[in-house]
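Asker: Sequence:
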Amino acid sequence: MEYKQMQYEALICEQQDSVALVTLNRPDKRNALSRLLRDEIVACLGELESSEDVHAIVLTGAGVSFCAGFDLSEFQTGDMEEIFTHATSYHHKVHNCSKPIVAAVNGNAMAGGMDLAAMCDLRIAAVDSMFGQPQVKMGIEAAYDLMSTVLPGPLARELCLTGRPMNANEALSVHFVNEVVEADQLLEHAHRVAETIAASGYAMKPSFLQTQPDLFS
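First residue of the sequence shown: 276, per the working numbering; consecutive thereafter.
For the record, the hints were derived by calculation from the structure and aren't laboratory data. Idealized CB from N, CA, C, for every residue including glycine. One or more of the hints may lead you astray.
[What the hints assert, rightly or not] What follows is a set of in silico ranges between Cβ atoms, one per label pair, in the way DEER data are often shown:
1) E445 / G338: 39 to 45 Å
2) R439 / S475: 35 to 41 Å
3) T360 / N444: 36 to 42 Å
4) E289 / E416: 33 to 39 Å
5) E289 / D459: 18 to 24 Å
6) H367 / I415: 15 to 21 Å
7) E357 / E284: 19 to 25 Å
8) R439 / E357: 30 to 36 Å
9) T486 / G321: 19 to 25 Å
[Unchecked claim] With a cut-off of at most 20 Å between alpha-carbon atoms, the simulated DMTMM-like pairs for lysine to aspartate or glutamate come out as follows:
10) K412 / E433
11) K374 / E289
12) K480 / D328
13) K374 / E315
14) K374 / D328
15) K304 / E349
16) K374 / D314
17) K480 / E324
18) K374 / E324
19) K304 / D403
20) K368 / E327
21) K480 / E327
22) K480 / E470
23) K368 / E324
24) K374 / D292
25) K480 / E284
26) K368 / D420
27) K368 / D396
28) K304 / E284
29) K304 / E315
30) K374 / D396
31) K368 / E322
32) K368 / D489
The task is simple: from the sequences and hints, build the whole structure.
Answerer: Encoded structure:
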């Protein structure tokens, strides 16, 4: 697949016909969500929303992980109130993106990385992927309100209270992910799904936004 590329520092945004591929590009940090990366996700999604040519988006991570969650170095050096205000703005943008997003989850999607996948419309996972909220073991709150919209209530509470991981097969069995595929087939399969959406169902997304709870207002 050949994509037309748009320039960012911490992510790669490419377009092929009516499908955009957004790749979190901090592989040495397991694609941890630094402020720069969050800002660029917001900017990139805004650009794609305004494009009449893009009808669906595939979101994935570079390297061996989808996303390790927020960059914890910010918690050590930044103003916590400002960090959470900024994080709310980022979450609101992703959760309310007007274009359908297919998460192609490679490797681990932990803490804010699991949240990011949860905010996408569909989730396709590599067979070796893992999900979880391990930050609760460090005293950092999990996004239970979000998890309870995509997981059965008792399981959402369990993961948010214990921080235990959930593998791809369990994620499929509880319908957190839509499909599980071999790692070397992940992007190609996610692109095909996005192409199907781009050809027909993408117009449904605004209707979904009208009915989903606004968790990050």
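Asker: Can you give the numbers of the hints that this structure goes against, from lowest to highest?
Answerer: Failing hints, ascending: 1 and 25.
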